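Q: Line order of the protein sequences matches chains A and B. Heads up: the first sequence is residues 0 to 606, going by this note's numbering. Heads up: the second sequence is residues 757 to 954, going by this note's numbering.
Hints in this document: simulated from the structure, not taken from any laboratory. There's no promise every hint is true.
[Unchecked claim] Each computed SDA-like pair below joins lysine to any residue, with the alpha-carbon atoms no more than 20 Å apart: (1) A:Lys233 to B:Ile868; (2) A:Lys459 to B:Lys946; (3) A:Lys560 to A:Asp462; (4) A:Lys497 to B:Ala799; (5) A:Lys589 to B:Met757; (6) A:Lys230 to B:Ala934; (7) A:Lys230 to B:Gln759; (8) A:Lys154 to A:Gly172; (9) B:Lys892 to A:Leu7; (10) B:Lys871 to B:Gly882; (11) A:Lys497 to B:Val923; (12) A:Lys459 to B:Ala881; (13) A:Lys212 to A:Lys459; (14) A:Lys459 to B:Trp954; (15) A:Lys230 to B:Trp954; (16) B:Lys946 to A:Tyr226; (17) A:Lys497 to B:Tyr867; (18) A:Lys459 to B:Tyr867; (19) A:Lys497 to B:Trp954; (20) A:Lys497 to B:Asp787; (21) A:Lys589 to B:Asp787; (22) A:Lys459 to B:Arg903; (23) A:Lys497 to B:Gln919.
[What the hints assert, rightly or not] Quick look at which bits of chain B chain A covers, simulated, 3 or more residues with Cβ under 8 Å: (24) 831-837; (25) 892-904.
Predicted, not measured: the structure shown is a model, and the values here were computed from it. C-beta: ideal position from N, C-alpha, C; glycine also.
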Amino acid sequence: MSLPDQALRPLRGLIVDLSGQTFHTEELAVEVARAFLGGRGLGAYIALRERLYEVEPLSPQNLLVFAPGPLTGTGAPASGRYSVTSRSPLTGTVFDGNSGGNWGNALRRLGYDYLLAGGALDAPGYVEVTAAGVRFHDAAGLWGLDVPSSLARLKELQPGAESAVIGPAGERGVLFASIVNNRGRSLGRGGLGAVMGAKNLKAITVAGHGACKPPVADPERLEFIVYEAEKLLKANPITSTALPEFGTSVLVNVLNQAGAMPTRNHRESVFESAEAISGEMLKKEHVQRRAACRGCVIGCARRTTAGGQSGEGPEYESIWAFGAECGVGDLTAIVQANYACNRAGLDTITMGVTVACAMELTEEGLLPGGPRFGDARAIVELAEATGAGTGLGAELGVGSARFAASYGRPELSMSVKGMELPAYDPRGMKGQGLAYATSNRGGCHLRANMLGPEILGVPKMVDRFATLGKAGLLINLQNLNAILDSLSVCKFTAFAMKEDYYARLLSAVWGETVEPQELLLIGERIWNAERLFNMAAGFGRVDDSLPRRLLEEPVPAGPSKGHVVDLPPMLDEYYVSRGWDLGGRPSPAKLEKLDLAGMALAASGCP
Amino acid sequence: MLQQFQQIGRDLFVAGVISSHGGNMSVRMGDRILITRRGSMLARLEERDIIDTGLEENDANVMLASTEIGVHRAIYQGTSAQAIVHAHPPYAIARSLVCDEIVPVDSEGSYILHKVPVVATELTAGSKEVAGLLPKWLKEYDIVMLRGHGPFAIGHLLEEAYQLTSVFEMACRIMTIAEGMGQQVKEYRKGSERYETW
């Protein structure tokens with residue numbers, strides 16, 4: 000067999016049936032790899048194929064697709080990543096989380112391109128994957144442990160193996176529980192940890208060290224392209240200076256100065272204490288040292304200390320969620336709230352925004368004795384209580400949309416499709432509003448972030464307050480991010496690299512030319528496949544919206560004063576640019592072009 | 757959008773990469789194209805000089821569009837371009853008459869371009885031959901040189917395509933100046949011998 004055949008090959012899957020405690024392997028045709036790459040794209044393909052839009056997210060029928068990408072473990076820049084895809088219990092949409100760390104690399108080294116876990120264990124347990132196959136273990140002594148303790152215990156039980164675990168939040172079914180690996184690298188946001196917990200699955204360990212490296216068809220060519228790509232990463236001030244020195248929290252002052260820092264449950268967009276919670280302050284007061292995912296030249300992670308504790312992070316979005324969004328300017332408390340989430344296995348954005356929602360309900364007189372804006376102690380206590388399922392924390396574990404609705408004020412949830420908005424106020428960057436509204440996994444900055452063109456000037460600066468003319472730019476970002484999540488490569492590389500670099504990297508790995516245009520078409524296919532899933536799950540134009548506050552309440556002060564998001568014309572332009580009708584449905588011609596017509600037919604319920 | 761056309765058009769002229777009535781630009785808006793008017797002066801664009809026409813289908817406005825409308829449409833249909841800049845930079849044109857590909861030697865050109873292919877056609881302006889050829893090349897390269905005529909550069913925004921055009925012309929100018937010194941150019945870049953394979 001020639002080298003190119005080895006590198007671009009049918010996708011090898013490990014299928015784990017938790018109910019029967021059995022496993023087998025399967026192969027997907029090489030055409031699936033060409034059409035969906037791996038990672039998120041492969042997850043979307045399997046989610047559609049298995050009709051997960053028909054299953055209850057927390058039922059045994061739901062599946063978890065663990066999938067690295069074709070660049071994982073090859074030496075491509077920042078490529079030590081993998082995705083997990085399922086139907087989200089928080090949003091009901093198709094949902095993938097993406098994480099750095101070594102887990103995906105370990106799976107690839109065993110020769111697998113994905114692991115599919117279905118069914119449910121009778122009692123809490125964990126799964127061990129080695130070159131010899133799969134073993135099912137009792138989770139006695141593990142179940143109930145927090146994330147750091149679980150990872151440490153598994154290191155003793157399975158020396159040399161990489162572990163993806165859940166914490167107490169996932170065990171209890173908190174709808175925004177995360178899966179965590181490598182000390183604190185999380186697959187967060189949509190409750191993938193709860194899906195694992197519902198399956199009684201505490202962890203999956205993979206012993207891939209010492210096994211073969213993923214095949215590369217043209218290592219010499221890959222080395223050349225990696226060298227050229229790293230030249231760009233080292234020359235770009237975002238990837239070479241700002242992120243390594245300050246981490247993502249470097250954005251606090253940038254967003255605040257732009258008047259795009261949502262504050263006190265998005266009532267305002269400038270936070271008066273931003274300086275106190277900035278990346279500069281984090282570096283000065285809390286950072287011990289930098290950290291990086293395997294093979295990354297950027298190194299954006301932080302090892303920090305606060306109040307006698309130490310841990311990973313916080314990232315910018317976590318600082319914002321517990322900080323500005325809750326009106327808290329106490330950085331020590333914010334770092335500790337972040338630790339509490341990391342221990343419990345909770346998504347920090349949703350946790351912080353849900354606390355902010357509770358704070359507004361309190362101030363509105365609907366939650367007597369509840370937390371108030373600015374209460375630093377409350378953010379730590381409520382994060383801990385949510386992980387433990389006690390007190391008000393038990394109520395917050397459903398996320399802000401369900402929580403606010405239960406108090407009769409659904410409009411106070413700052414969410415889209417049930418998932419909380421992150422740290423970029425779309426009234427100060429209108430394109431981001433369109434990005435949130437059209438995101439296919441709910442309120443999210445990782446499907447596409449207009450921070451680049453609207454704030455940082457990447458690739459070039461556009462008028463952040465302009466409403467129209469941004470659909471093409473956003474669509475390109477959405478398609479590109481779908482590619483990055485499927486290859487799997489860190490999105491931060493895109494601050495310095497354009498799509499042609501990813502195409503050249505993949506060409507070297509596969510041993511055949513992949514043009515940038517072809518890659519973007521794959522991204523478009525993945526985006527439309529996810530859209531088909533969501534349509535089959537009942538989502539449509541009405542769900543492509545924003546919280547009423549952002550559409551109707553002008554920003555009261557600061558650089559974005561007076562602005563709201565005028566969404567309908569942006570949506571129209573977006574749908575037309577996507578080749579969809581004004582109801583947000585992909586046209587038959589578009590589906591035909593993307594080779595999705597068959598999947599669309601199946602998802603529509605036709606025989 | 758008009759302002760973007762005006763600023764880039766003015767810059768192209770001031771930079772000396774177009775003549776008074778040369779060059780053209782366009783932006784894709786879904787299934788529509790905004791393209792400069794045939795015979796317009798890019799340094800003095802007004803609202804009437806930006807023509808709105810179909811990406812795939814003709815309408816009455818096509819009469820007013822740049823003579824390169826067919827090439828622009830083909831590029832949008834065949835690539836991920838959201839914006840196109842076509843200029844007539846003199847140093848790049850001169851070099852295209854003697855080279856089959858242009859590999860910059862300066863740092864900026866090396867980082868951003870690596871290599872620019874030169875494509876030759878019998879009919880160079882607004883021809884179907886150009887429309888058929890260029891998209892294939894622009895799938896792999898963001899800027900491609902049409903021999904004796906000028907480069908077509910693509911980007912997500914006009915500014916990006918303009919930047920490529922500007923960097924390309926500067927790279928050609930630097931090569932011309934360096935060669936004029938009559939001495940061997942000293943190599944300073946690791947792996948530059950592989951740029952031809954970019």
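Q: All hints are to be evaluated individually against the structure, with a verdict given for each.
A: Results for each hint:
In summary, the hint linking Lys233 of chain A to Ile868 of chain B is supported, as the alpha carbons are separated by about 14 Å, within the 20 Å threshold. At roughly 29 Å between alpha-carbon atoms, Lys459 of chain A and Lys946 of chain B are farther apart than 20 Å, so this suggested pair is violated. Simply put, Lys560 of chain A and Asp462 of chain A have alpha-carbon atoms about 16 Å apart, close enough for the 20 Å limit, and the pair holds. For the hint linking Lys497 of chain A to Ala799 of chain B, the alpha-carbon distance of about 30 Å lies beyond 20 Å, and the restraint is violated.
Between Lys589 of chain A and Met757 of chain B the CA atoms are separated by roughly 27 Å; this puts the pair beyond 20 Å, and the hint is violated. Between the alpha carbons of Lys230 of chain A and Ala934 of chain B the distance comes to roughly 24 Å, so the proposed pair goes past 20 Å and is violated. The straight-line distance between the Cα atoms of Lys230 of chain A and Gln759 of chain B is roughly 34 Å, outside the 20 Å bound, and the hint therefore fails. Only pairs whose Cα atoms come within 20 Å are accepted, and Lys154 of chain A paired with Gly172 of chain A is rejected, the gap being roughly 25 Å.
Under the criterion of a C-alpha separation no larger than 20 Å, the hint pairing Lys892 of chain B with Leu7 of chain A is inconsistent with the structure, at around 24 Å. Distance check on the hinted pair: Lys871 of chain B and Gly882 of chain B sit about 25 Å apart at the alpha-carbon level, beyond 20 Å; violated. At most 20 Å may separate the alpha-carbon atoms for a hinted pair to count; Lys497 of chain A and Val923 of chain B meet this at roughly 17 Å. Only pairs whose Cα atoms come within 20 Å are accepted, and Lys459 of chain A paired with Ala881 of chain B is rejected, the gap being roughly 30 Å.
Among the hinted pairs, Lys212 of chain A with Lys459 of chain A is inconsistent with the structure: their alpha-carbon atoms are about 38 Å apart, more than 20 Å. Taking the CA atoms of Lys459 of chain A and Trp954 of chain B, the gap is near 24 Å; set against the 20 Å cutoff, the hint is violated. Taking the CA atoms of Lys230 of chain A and Trp954 of chain B, the gap is near 15 Å; set against the 20 Å cutoff, the hint holds. The hinted pair formed by Lys946 of chain B and Tyr226 of chain A meets the criterion: a straight-line CA distance of about 9 Å does not exceed 20 Å.
The suggested pairing of Lys497 of chain A with Tyr867 of chain B holds, with an alpha-carbon distance near 12 Å, which does not exceed 20 Å. Distance hint between Lys459 of chain A and Tyr867 of chain B is fulfilled; the C-alpha atoms sit about 17 Å from each other, no more than 20 Å. Straight-line distance between C-alpha atoms of Lys497 of chain A and Trp954 of chain B comes to about 14 Å, which keeps the hinted pair within the 20 Å bound. Restraint check for Lys497 of chain A and Asp787 of chain B: not satisfied, since their Cα atoms lie roughly 24 Å apart, outside the 20 Å limit.
Simply put, Lys589 of chain A and Asp787 of chain B have alpha-carbon atoms about 13 Å apart, close enough for the 20 Å limit, and the pair holds. Restraint check for Lys459 of chain A and Arg903 of chain B: the C-alpha separation of about 29 Å exceeds 20 Å, so the hint is violated. Of the pairs offered as hints, the one joining Lys497 of chain A and Gln919 of chain B holds, with about 14 Å between alpha carbons and a cut-off of 20 Å not exceeded. Coverage of a stretch by a chain is defined here by at least three residues with a beta carbon nearer than 8 Å to that chain's beta carbons; for the stretch 831-837 of chain B and chain A the count is 3, and the condition holds.
By the rule of at least three residues with a Cβ nearer than 8 Å to a Cβ of chain A, the coverage given for the stretch 892-904 of chain B holds, with 4 such residues.
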